[in-house]
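Take the numbering used here: the final residue in the sequence shown is number 425, and no numbers are missing along the way.
Everything labelled a hint here was simulated from the structure, so no lab data went into it.
Treat the hints with care, since some could be wrong.
[As the list claims (entries may be wrong)] Listed next, the in silico DSBU-like pairs over lysine-lysine satisfying Cα-Cα at most 35 angstroms (straight line):
id	residue 1	residue 2
1	Lys346	Lys358
2	Lys343	Lys354
3	Lys362	Lys78
4	Lys324	Lys393
5	Lys117	Lys346
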Amino acid sequence: MLKSIFGLLSFLVIMPATVENLPSQTEDSKGHHIQVALLLDTSNSMDGLIDQAKSQLWKMVNELATSKKDGESPTIEIALYEYGNDALSGAEGYIRQVTGLTADLDLVSEKLFGLTTNGGSEYCGAVINRAVGQLVWSDSNDDMKIIIVAGNEPFDQGPDPYRDACKTAIGKGIMINTIFCGNYDEGVRTFWKDGADLADGKYFNIDQDQQVIHISTPHDQRILDLNEKLNSTYIGYGDQGEQRVQMQSTQDSNAASYGAANAAERASFKAKESYKNTSWDLVDAMEEDEAVIEKLDKDDLPAEMKDMDKKEQKEYVEAKAKEREEVRKEILELEEKAKEYQAEKRKEMSESGEDTLDKVMSKTIREQAEKKGFKYN
Numbered sequence: 049m050l051k052s053i054f055g056l057l058s059f060l061v062i063m064p065a066t067v068e069n070l071p072s073q074t075e076d077s078k079g080h081h082i083q084v085a086l087l088l089d090t091s092n093s094m095d096g097l098i099d100q101a102k103s104q105l106w107k108m109v110n111e112l113a114t115s116k117k118d119g120e121s122p123t124i125e126i127a128l129y130e131y132g133n134d135a136l137s138g139a140e141g142y143i144r145q146v147t148g149l150t151a152d153l154d155l156v157s158e159k160l161f162g163l164t165t166n167g168g169s170e171y172c173g174a175v176i177n178r179a180v181g182q183l184v185w186s187d188s189n190d191d192m193k194i195i196i197v198a199g200n201e202p203f204d205q206g207p208d209p210y211r212d213a214c215k216t217a218i219g220k221g222i223m224i225n226t227i228f229c230g231n232y233d234e235g236v237r238t239f240w241k242d243g244a245d246l247a248d249g250k251y252f253n254i255d256q257d258q259q260v261i262h263i264s265t266p267h268d269q270r271i272l273d274l275n276e277k278l279n280s281t282y283i284g285y286g287d288q289g290e291q292r293v294q295m296q297s298t299q300d301s302n303a304a305s306y307g308a309a310n311a312a313e314r315a316s317f318k319a320k321e322s323y324k325n326t327s328w329d330l331v332d333a334m335e336e337d338e339a340v341i342e343k344l345d346k347d348d349l350p351a352e353m354k355d356m357d358k359k360e361q362k363e364y365v366e367a368k369a370k371e372r373e374e375v376r377k378e379i380l381e382l383e384e385k386a387k388e389y390q391a392e393k394r395k396e397m398s399e400s401g402e403d404t405l406d407k408v409m410s411k412t413i414r415e416q417a418e419k420k421g422f423k424y425n
């Protein structure tokens with residue numbers, strides 16, 4: 049009955065020597081944080097799970113980005129682990145940290161779209177321990193910290209007792225939501241519900257092979273047109289500027305591969321305060337530090353700015369910032385209309401007896417966030 053994974057995500061130990069050198073925390077540690085670690089089974093039977101994760105990442109983070117605490121938007125950080133894949137190191141328990149907790153969600157999307165499946169051994173206790181021990185979790189009890197683990201094998205497999213792992217997590221203020229890919233009662237029998245209960249989380253089951261339904265709206269195309277304008281306001285600088293501008297476009301295309309409604313979810317997230325790219329975009333960088341333009345050499349700038357003097361450079365960035373603000377405002381206005389349209393369609397689906405995981409998990413995540421003082425629009 050429950051059908052998709054990342055509708056439910058609206059709410060996707062000692063460090064080993066082989067951890068990838070990927071971002072493990074946001075550059076800006078100020079303010080409140082929502083931290084979510086996604087632990088995904090990438091064994092052979094989980095192609096549908098990974099496909100759902102790809103298709104609903106932006107819906108999840110866009111939902112999270114509507115929350116506020118003390119009147120401010122939180123920093124959203126996502127981490128990604130894969131486990132249960134024979135292509136991974138057996139010495140590491142068939143577990144890999146794909147990316148640490150990071151606010152660079154284009155990077156998370158890129159890594160997610162790079163995941164492939166292969167047969168293997170699934171050790172839930174071990175991957176939970178790895179995520180709890182490796183990641184740079186907030187020390188504040190006011191921040192929201194969640195692990196979401198999804199798979200289809202018994203939760204008690206492997207060398208690390210899952211009960212100990214779950215108790216360690218909640219002892220650090222990290223809730224665990226579990227997603228069993230299969231029959232609800234089978235998930236209960238194989239301890240997926242027990243794992244969630246031990247860490248103050250919620251247990252769900254899904255059909256990982258169910259095709260995700262994205263509700264298209266009359267506003268999607270205009271949002272996507274505005275997204276193109278939004279992209280034109282980004283000014284890549286430094287060693288990775290050009291590469292990251294291209295990555296932004298690539299992740300737009302990846303989102304669009306699941307339809308216009310999904311692409312509009314990504315565009316709507318990009319219009320929010322939570323989408324920050326200070327490390328490579330001059331508009332965001334100057335908003336944080338106006339003096340940054342003074343510190344850059346010509347070689348750090350894109351071609352269109354190399355022949356400008358410092359005054360012209362600053363005026364150019366300020367003009368792009370103004371244009372971005374106008375585009376963002378229009379996208380967010382259209383998003384409101386799109387959400388109203390989708391709510392009516394979901395109501396019709398519900399009235400026809402169709403239960404959706406979107407609806408169930410959104411309610412759960414909101415309740416979990418509200419316990420931490422986060423408020424949703």
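| field | Earlier hints that do not hold, by number | value | 5
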